[in-house]
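*Asks:* Sequence:
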Amino acid sequence: MTAARPSAPDRDHRRVPRPALGVPSLTLLAAAFIIGFDNVAFWHQLASVSRVGTTAGLGFASATAVFLVSALALMMSVFAFRWIYKPFLIGLLIVAAVVGYFMQTYGVVIDDTMIRNTLDTDTGEAEGLFNFTLVWHIVVFGLLPAAFVAWVRIKRAVWWRQALIRVLFGVVLAAIAVGALASHYKEFSLTLRQHRELRMYINPTYAIYSAAELAHGEADVADHPLVTIAPHAHRTAAARRIKRRKIVIVVVGETTRATDWGMDGYHRQTTPELAALPNLINFPNAHSCGTSTAISVPCMFSAKSRADFNADTAGYTENLLDVLKRAGITVRWEENQAGGCKGVCDRVPTQNMRKMRIPGVCGDGHCLDSVFLHGLADRINATSGDLLLVMHTMGSHGPSYFERYPKAFEKYKPICHSNRPQDCSTQTLTNSYDNTVRYVDHVLASLIGVLKTKESDADTALIYMSDHGESLGEDGIYLHGFPYMLAPSQQTHIPMILWLSPDWRHDNQLSNACLSGLKKQRVGQDNLFSTVMGMFDVRADVYQPKLDLLAPCRGQGSVASN
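Final position of the sequence shown in the UniProt record's numbering is 562; the numbers increase by one with none missing.
If you are wondering where the hints come from, they were derived from the structure by calculation, not from laboratory data.
This one's a predicted model, so the numbers in the text were calculated from it and none came from an experiment.
Each hint should be verified, as a subset may be incorrect.
Below, computed lysine-lysine pairings styled on DSS-like, alpha-carbon distance capped at 30 angstroms [unchecked claim]:
#, residue 1, residue 2
1, Lys452, Lys243
2, Lys243, Lys186
3, Lys452, Lys519
4, Lys519, Lys304
5, Lys454, Lys325
6, Lys520, Lys546
If you anchor each label on the Cβ, the simulated ranges turn out as follows [what the hints assert, rightly or not]:
#, residue 1, residue 2, range
7, Lys413, His216, 44 to 50 angstroms
8, Arg196, Gly36, 36 to 42 angstroms
9, Pro17, Ser48, 41 to 47 angstroms
10, Asn131, Glu218, 28 to 34 angstroms
11, Lys413, Asp457, 43 to 49 angstroms
12, Lys452, Pro231, 35 to 41 angstroms
13, Pro225, Trp160, 16 to 22 angstroms
14, Val178, Asn352, 28 to 34 angstroms
15, Arg347, Ser62, 24 to 30 angstroms
All residues carry an ideal CB built from backbone N, CA and C; glycine is no exception.
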């Protein structure tokens with residue numbers, strides 16, 4: 001005999017009743033949750049610059065919490081319209097959870113540069129950051145609160161009463177925020193004046209502001225015509241005097257820092273092959289233009305110095321490659337990064353090395369940097385005239401450092417096998433990273449070896465500089481992309497070398513003494529533009545002799561010997 005189905009009233013009785021909340025209550029709950037649970041990085045920063053352990057410090061922290069909750073709730077209430085409010089709250093909670101995870105886990109700040117990096121990240125790079133902890137964090141701090149917002153009912157009233165409630169709610173929130181500021185005005189004033197960076201840690205408002213700034217800049221780039229620089233770029237008499245072909249390889253490194261560079265005084269000799277080469281100049285005091293690829297790569301090829309560089313205007317302005325091409329130099333770009341050349345190579349022939357099929361070097365759409373060595377001599381022979389060949393490498397790209405080198409280069413052990421560097425010990429993480437530097441050393445030395453085979457009919461040279469450095473947990477910071485004005489030296493102090501063949505030195509009358517003295521200078525990515533122009537004897541109004549590293553050494557009479 002079949003049991004009777006429960007009646008509709010019985011089924012309704014067993015349902016969990018949906019609570020009903022007014023817009024003010026739901027707004028305050030969401031704001032308090034975000035400020036309390038998604039702003040761990042902010043509270044850590046505030047604790048590091050204020051005396052939270054004292055009674056006065058606790059009072060200031062409490063006033064800060066009240067101010068942030070009130071201010072965020074006030075901003076959220078602007079979107080409290082019937083059909084958009086819940087979707088807005090749900091989206092905000094999920095965004096805050098994601099931003100909070102990366103800020104708390106890696107010690108980064110989500111500004112426009114970091115967002116630009118994220119947009120340029122491909123599936124493979126994203127997988128390197130994907131792990132169970134990320135999923136768990138988003139579920140607990142994003143999806144569950146979002147589900148609660150979707151579940152609760154919002155109390156409704158006649159339109160004029162709703163309008164009155166929202167106006168009064170806004171006035172009360174503004175009054176509370178002002179009162180919180182006034183209660184500890186001196187502490188707020190001093191702290192924010194001395195630590196302006198604190199605003200960058202407020203989640204999600206700073207990330208949203210940065211995204212809006214980036215979108216505005218990208219819109220300007222899309223609507224702007226290409227700006228030509230150096231329309232009259234030309235070769236000098238010296239270029240006509242030297243009959244031998246010039247071949248220059250510029251290697252753009254990735255995430256390799258000077259701190260772990262053997263020739264820069266690191267306690268490990270991570271650059272043994274380069275250190276053994278004659279005619280090589282190492283620059284121990286080199287610095288990057290930015291702390292991310294999206295900034296540093298366009299900047300190093302720009303005619304602008306770091307102080308004047310703007311990533312948005314660079315998107316529609318010609319660069320070094322355009323100038324050299326106009327002057328008659330053969331220019332080629334070879335790419336081993338998923339994120340590409342950041343617009344720098346858009347107008348020159350480009351080869352995607354990741355599409356190569358070389359056993360033991362390439363697989364699953366990724367290649368080790370030794371891919372550049374395969375067929376290099378043939379690629380050079382296929383060109384004519386003076387040649388600039390730019391190689392954009394994977395270098396020491398994290399967080400999966402152990403994937404950047406073959407097993408044969410696992411010299412330092414044990415290593416970190418995780419894509420969550422914060423889960424590894426300092427020693428295993430450092431070992432993994434230092435192995436990447438050893439491999440960078442090997443690839444660079446091998447490239448120079450190929451150039452040496454061309455010395456019979458060409459003057460050859462190689463320039464290497466990393467795009468930026470990397471943090472390996474110092475002060476709780478990992479990876480890179482920190483705002484430049486706050487970035488630790490590990491992210492801005494980079495390795496840089498210059499190798500010139502003996503014939504290059506001879507034909508350009510470069511003195512040994514002068515070249516040896518270059519290593520004492522503070523140099524960086526600002527020097528690349530004019531130095532490469534000078535190496536090819538190209539002149540234009542954008543050429544700056546003071547930034548050409550070799551300019552003071554040319555024609556000094558004391559010619560470098562073989």
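*Asks:* Now tell me, hint by hint, if it's right for this structure.
*Replies:* Checked hints:
| no. | hint | in the structure |
| --- | --- | --- |
| 1 | Lys452 x Lys243 | holds (18 angstroms) |
| 2 | Lys243 x Lys186 | violated (71 angstroms) |
| 3 | Lys452 x Lys519 | holds (23 angstroms) |
| 4 | Lys519 x Lys304 | holds (23 angstroms) |
| 5 | Lys454 x Lys325 | holds (22 angstroms) |
| 6 | Lys520 x Lys546 | holds (15 angstroms) |
| 7 | Lys413 x His216: 44 to 50 angstroms | holds (49 angstroms) |
| 8 | Arg196 x Gly36: 36 to 42 angstroms | violated (24 angstroms) |
| 9 | Pro17 x Ser48: 41 to 47 angstroms | holds (45 angstroms) |
| 10 | Asn131 x Glu218: 28 to 34 angstroms | holds (30 angstroms) |
| 11 | Lys413 x Asp457: 43 to 49 angstroms | holds (44 angstroms) |
| 12 | Lys452 x Pro231: 35 to 41 angstroms | holds (37 angstroms) |
| 13 | Pro225 x Trp160: 16 to 22 angstroms | violated (52 angstroms) |
| 14 | Val178 x Asn352: 28 to 34 angstroms | violated (56 angstroms) |
| 15 | Arg347 x Ser62: 24 to 30 angstroms | violated (57 angstroms) |
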